[in-house]
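Engineer: So you can see what is in the structure, the chains are spelled out below.
2 protein chains.
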Amino acid sequence: MGSTERIRNVAKRVAKWARAGHQMVVVPSAMSGETNRLLALAGELAPDHPETPYYRELDMLAATGEQASSALLAIALQAEGLDAVSYTGWQVPVRTDSSYTKARIESIDPERVRADLDAGRVVIITGFQGIDPLGNITTLGRGGSDTSAVAVAAALKADECLIYTDVDGVYTTDPRVVPAARRLNSVSFEEMLEMASLGSKVLQIRSVEFAGKYKVPMRVLSSFTSWDIDLAEEAKSGTLITFEEDEKMEKAVVSGIAFNRGEAKISVRGVPDTPGIAAAILGPVADANIDVDVIIQNISKDGKTDFSFTVSQTDYQRALDLLREKVAPELGAAEVVGNPNIAKVSIVGIGMRSHVGVASTMFRTLAQEGVNIQMISTSEIKTSVVIDEKYLELAVRALHTAFGLDKVE
Amino acid sequence: MGSTERIRNVAKRVAKWARAGHQMVVVPSAMSGETNRLLALAGELAPDHPETPYYRELDMLAATGEQASSALLAIALQAEGLDAVSYTGWQVPVRTDSSYTKARIESIDPERVRADLDAGRVVIITGFQGIDPLGNITTLGRGGSDTSAVAVAAALKADECLIYTDVDGVYTTDPRVVPAARRLNSVSFEEMLEMASLGSKVLQIRSVEFAGKYKVPMRVLSSFTSWDIDLAEEAKSGTLITFEEDEKMEKAVVSGIAFNRGEAKISVRGVPDTPGIAAAILGPVADANIDVDVIIQNISKDGKTDFSFTVSQTDYQRALDLLREKVAPELGAAEVVGNPNIAKVSIVGIGMRSHVGVASTMFRTLAQEGVNIQMISTSEIKTSVVIDEKYLELAVRALHTAFGLDKVE
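Quick mapping for you: the protein sequence lines, in order, are chains A and B.
Each number in my numbering comes from the position in the first sequence (counting from 1) with 105 added on.
Each number in my numbering comes from the position in the second sequence (counting from 1) with 105 added on.
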């Protein structure tokens, strides 16, 4: 939520739903820029800090952003003539573990909220935060308001969890790369999970996981539409993330093309193919706090194998140095080579489970465009390839067309 | 507290006390301007509002200011190398009634705080707020952080409650009116209460009442001194509000001259002197939500009496109209006259209890300066006179000198 003008618009939109007879629970994020403002103040005060007590206080601090916006939304709803009440995470309560700044929701007590809904009130619950077993305020980390909303919807067994975002839904791929990209009317939970984990930034991945665990239908829709659009139209807008594999979904073999820029590839060549080799290579990498994405181990030849993986470009040089200076000499590897400019492209589709030849269509399409595939990784509903970064847009566009995802004008 | 620079200075000051072996509990106010900023946002959203639900949300909103500054102070103390933890009102808990925006503290549970202090931690408690029996956040109203600090000090049986303000203590009178005004090293609780109620804005009157009830020694001192001044010097600075009438205090008959500008006087003349006349006149005034200060009823003459009282200048015309149009005709009063430009000057001193002639010194001093006294009102430790507003400064200066309060250069 941005200015008071935006809060007023949210209130009018909520009021529209409430007046149509829906029991409404709203989980607002902080006002635009507020969380960053607060964390910047903390950063000014403590450039170097002891971890746990500092993180506890960061959560005390950051939680105020949502508390303020929730109270303001309640006030705006009252000004609209509705009965509205706001609750902080601890008032509901939303119980979490004690992992400050990245806590996980453990349970939500729906009774207090349910009583208010039954009394005809709109209930506002601060997103992003909860209370730990010792009564400390915790926050769920960035994007946590989405997760809060899904968790609240699950606890109350809501019909649907509407996530208002700055985009109007989930697309077949990024429209900035492929102008022909289409908005999906619905997408399965598993597909959404793959797309979120593959860099589609529409929803925080934890919120999707949560929705999956508790089977909460989520709808991603735009907060930029006018509040007074027709309710029936709004209720069908955006993208529904669903758990029912309906017929329509069966038709689409591939639902979307996801991609990650900014990756880098590292190969350790000619390592002795003995048990524990993956751990011997990736253990030190993980210890250096470097996230590894795709991992490939080639078949062995003459008792030696090649081991490749991708990391983010920002970690590339550090990972390369680590492997060259410490890991490779210890393992007796032949050499460590890398490519700091690769990208990952993935086709995602629940229909891939029951359709053969999807991966080969992908490989053929890329071959026709002259795009060399450097690594391949597959899962049940997705196939990912690592390619030279410079071919990324070309590859995404070609695949989008090949799988029939282009918008029909 | 203002910028992060000011928070850092507060942290250094607290660290100085803590390192000298004091167990410290700190009750910060919100960062400068923050409470006004938040309330302005609420005002934008709800120009007209239903009372109770709106006030509940205002408290949710306003409480975030102190929560943020408390977390930031904890972070700043940690950066100073101290172990520090912040608690909101509900975490302590500070229990209040449910009078949103002007709640009263009912009890404070000292156990959690005591455990932290015993573990060597500095404890920060959000001022200005608490939790009601139903688990709602409440605030104590403007200046409530002072009251919170005193209440916490009482609950923990603290040696002293230091109130850091923008002045360096309590003065014999306002130094802007009397340059010779002196800072008092100590003042009795009763005197402070009279001075606070008479318009000395150093401390919120409720905090003084609270200190009186629980016998908490308070010290008013300046937040603008450098944090690294000598601790022993700082511990003696400012003004101590005390409950022990020591010898030094006995010597001063009058401790200070308080005054109120901006008052107005109204007289209802020639009303029949029958029982219930005060209620018949002041009842309608109170019903119109007009605060009355000094009230005087003259002795009766021929079965008629004159009844005078003062109100603030902003309420003057409304009160006058009400009395002339409704009250006076019903009572058969001769006339209603008023003076919209009067001021009240009071001498305050616990020594007045045991000294005769104090009031007459006051009247003689004013007579010598040619100041006409329009009304007189007395209590055990104060004598107030109502005079023409234009003589206010003259009267205050003359009385300050007459009672030996001037600074000795």
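It cannot be assumed that every hint is accurate.
Any copy, or any two copies together, can satisfy a pair, since identical chains are not distinguished.
Once the Cα atoms are required to be at most 20 Å apart in a straight line, the calculated SDA-like pairs of lysine to any residue come out as [as the list claims (entries may be wrong)]:
id, residue 1, residue 2
1, Lys117, Thr506
2, Lys306, Ser328
3, Lys341, Ser465
4, Lys207, Leu239
5, Lys341, Thr419
6, Lys431, Arg200
7, Lys306, Glu338
8, Lys117, Pro158
Bear in mind the hints are in silico, worked out from the structure with no lab data behind them.
This one's a predicted model, so the numbers in the text were calculated from it and none came from an experiment.
Engineer: Now tell me if each hint is right for this structure.
Structural biologist: Each hint, compared with the structure:
1. In the homo-oligomer, the alpha carbons of Lys117 and Thr506 never lie at most 20 Å apart, since the shortest distance is 40 Å inside one protomer and 64 Å across protomers.
2. Taking CA atoms no more than 20 Å apart as the test, Lys306 paired with Ser328 passes inside one copy only; the shortest distance there is 16 Å, against 47 Å between copies.
3. Taking CA atoms no more than 20 Å apart as the test, Lys341 paired with Ser465 passes in neither setting, with 35 Å inside one copy and 85 Å between copies.
4. When the C-alpha separation of Lys207 and Leu239 is checked against a cutoff of 20 Å, the pair qualifies only within one copy, where the shortest distance is 16 Å, while the shortest distance between copies is 29 Å.
5. Proximity of Lys341 and Thr419 under a CA criterion of 20 Å is satisfied in neither setting, with 41 Å inside one chain copy and 57 Å between copies.
6. Taking identical chains as interchangeable, the C-alpha atoms of Lys431 and Arg200 are never at most 20 Å apart, the minima being 44 Å within one chain and 60 Å between chains.
7. In the homo-oligomer, the alpha carbons of Lys306 and Glu338 never lie at most 20 Å apart, since the shortest distance is 25 Å inside one protomer and 58 Å across protomers.
8. Taking identical chains as interchangeable, the C-alpha atoms of Lys117 and Pro158 lie at most 20 Å apart only when they sit on different chains, with a minimum of 18 Å there against 41 Å within one chain.
In terms of the numbered hints stated before, the structure departs from hints 1, 3, 5, 6, 7, listed from lowest to highest.
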